[in-house]
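Each chain is listed here by its residues.
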Amino acid sequence: METASEPIIEIRNLILSNADPTRQVDPIRLAIHRGEMAVIGSDDPLDGRHLLRVLATLDQPWRGKYRFKGKRVEMNRYRQCLGIKRQIGYVATDAALISNRTLRENLLLMRFYHENDLNIDLDETVRNLCNEAALASKLDQRPAALSGTELLKAVAIREIAKSPAVMLLENPETFLEAKNTDGLFQQLKKMRRKGSAVVFSTNDSKLAGLANRRLTLVDGQLQASPT
Amino acid sequence: MEKGIGALGKTAIGSINRVADLCALTYRLLTIALSPPRSGQTLIKRVIVEQVYFTAVQALPVIIPVALIIGCMMIVQLSQIHGQVDLGKVVVLLILRELGPLISAIIVILRSATAVTIEMSYMNVLYEIEALEMAGIDPFHVLCLPRLVGITTAIVSLILVFDLMAILGGYAIVKGVTVLPIEGFFQQIAKNVDGTDIIVSLSKGMLFGLTITVTCLHHGFTPKNQITQVPIATSRAAVDCFFYCLVISIFISFVFYV
Chain A
1 METASEPIIE IRNLILSNAD PTRQVDPIRL AIHRGEMAVI GSDDPLDGRH
51 LLRVLATLDQ PWRGKYRFKG KRVEMNRYRQ CLGIKRQIGY VATDAALISN
101 RTLRENLLLM RFYHENDLNI DLDETVRNLC NEAALASKLD QRPAALSGTE
151 LLKAVAIREI AKSPAVMLLE NPETFLEAKN TDGLFQQLKK MRRKGSAVVF
201 STNDSKLAGL ANRRLTLVDG QLQASPT
Chain B
1 MEKGIGALGK TAIGSINRVA DLCALTYRLL TIALSPPRSG QTLIKRVIVE
51 QVYFTAVQAL PVIIPVALII GCMMIVQLSQ IHGQVDLGKV VVLLILRELG
101 PLISAIIVIL RSATAVTIEM SYMNVLYEIE ALEMAGIDPF HVLCLPRLVG
151 ITTAIVSLIL VFDLMAILGG YAIVKGVTVL PIEGFFQQIA KNVDGTDIIV
201 SLSKGMLFGL TITVTCLHHG FTPKNQITQV PIATSRAAVD CFFYCLVISI
251 FISFVFYV
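The listed protein sequences correspond, in order, to chains A and B.
Sequential numbering of the first sequence, starting at 1, is according to the working numbering.
Sequential numbering of the second sequence, starting at 1, is according to the working numbering.
No lab work stands behind these hints: they were computed from the structure.
Be aware that a few hints might be false.
With a cut-off of at most 30 Å between alpha-carbon atoms, the simulated BS3-like pairs for lysine-lysine come out as follows [said to hold, decoys possible]:
1) B:LYS45 to A:LYS65
2) A:LYS179 to A:LYS162
3) A:LYS162 to B:LYS45
4) A:LYS194 to A:LYS206
5) B:LYS45 to A:LYS138
6) A:LYS190 to A:LYS179
7) A:LYS190 to A:LYS138
8) B:LYS224 to A:LYS162
All figures in this text were calculated on a predicted structure; none of them were measured in a lab.
Construct all of the structure, not just a fragment, from the sequences and the given hints.
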């Protein structure tokens, strides 16, 4: 049973990687709480990406016990991880849409599958986000027709449509602006108010300044910080 | 000497690993096919229909002329030795039992097996598989299962089309444009076809479908770091599919006819 104070994601005894086996690394506990906005600061962008992928259960840390909403997740149990991934939004800089489906089908794919119905249409939130991102006219086109920024916006909308418990963003400055006029930014703020957490890595100081917590990575290892 | 033995051992281990991977993938696919997932059935059915369309319907303009040409060639050549051989019997032996399944498989390998390997490889390299996973969708359910069912159904259907076109079309063309003696052709065929021939033909179709799908998916899903590895995987998949189909064909023929 999930409680309000329980972290959404918790990794105990976490050691992200073991690139230098001669170095002594102390395992730490990482917890991502409801409504939190955390920025990842790292000396190497690849380390930030690795942490995001570990949180998304796409990569395994070198050591660590992963819990999602209080429930233990065995990261080598593929089917269990699929159920967790469904509750996590992940937008990487190289994220993709399914190339042989239209944008509309991509945005609806998860619902097509889990609701077992191919006749459903986009809900109002997704439709509005598409309008604001100037994607409404491209809904029936394949991803190849989209520019790089449009593709990332579309991926972000697809992930937002999942109503995820945690949103993981890699360099969000490539597809959104920290302005109240930006629909995606507004939607992320709204999600956060409703209790979703946002974790992101960025090179944009303005976006980094919005975070209420900093996760610092040094030499690929997460540094202890208050949780 | 040591290096040679080492290389031989490495190759042997690699081959054993590949066969073990193929067996594991086949087992996983058959498990899913026998107990299909409850969620996503509508989506899976749609992808199956699309796969049958790409593999069977779109292959018809290729397989029909090929079947007619081969049917004509065989009837023309065999009618030259009419009297020495039972024309209908030889046509049954060659077309129904061997050429029909094998040529249909070759056409599917050339058209669809390569396409499936490329599609899976690109989905792998371009993180599209991850996109499915992040939606909580098992790629085995929406990518592999429809391809298994679609390709197998398509090959079995194409074998039937090939056999019919090669025999009926070949006969019609030879009868229409030549004066070769081919009287009693259909009576001879009817006399020589039995249930085993149909079972052999369909068994080969189903096993070819399974083998081609598993081989393509295996090569497609093998991790790749660079897009330049895709053509290599595609070429290997096509060669492997062809070789495995030949082995299966001869194996089934041995089991039923020797």
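We went through each hint and held it up to the structure:
1. Simply put, B:LYS45 and A:LYS65 have alpha-carbon atoms about 38 Å apart, too far for the 30 Å limit, and the pair is violated.
2. Restraint check: the Cα-Cα separation between A:LYS179 and A:LYS162 comes to about 23 Å, which is no more than 30 Å; the hinted pair holds.
3. The straight-line distance between the Cα atoms of A:LYS162 and B:LYS45 is roughly 23 Å, inside the 30 Å bound, and the hint therefore holds.
4. Between the alpha carbons of A:LYS194 and A:LYS206 the distance comes to roughly 23 Å, so the proposed pair stays at or under 30 Å and holds.
5. Between B:LYS45 and A:LYS138, the direct Cα distance comes to roughly 26 Å. Compliance with the 30 Å bound is thereby established for this hinted pair.
6. Restraint check for A:LYS190 and A:LYS179: the C-alpha separation of about 14 Å stays at or below 30 Å, so the hint holds.
7. A distance of roughly 25 Å separates the Cα atoms of A:LYS190 and A:LYS138; the hinted pair therefore holds under the 30 Å criterion.
8. A threshold of 30 Å between alpha carbons decides the hint, and for B:LYS224 with A:LYS162 the separation of about 29 Å falls inside it, so the pair holds.
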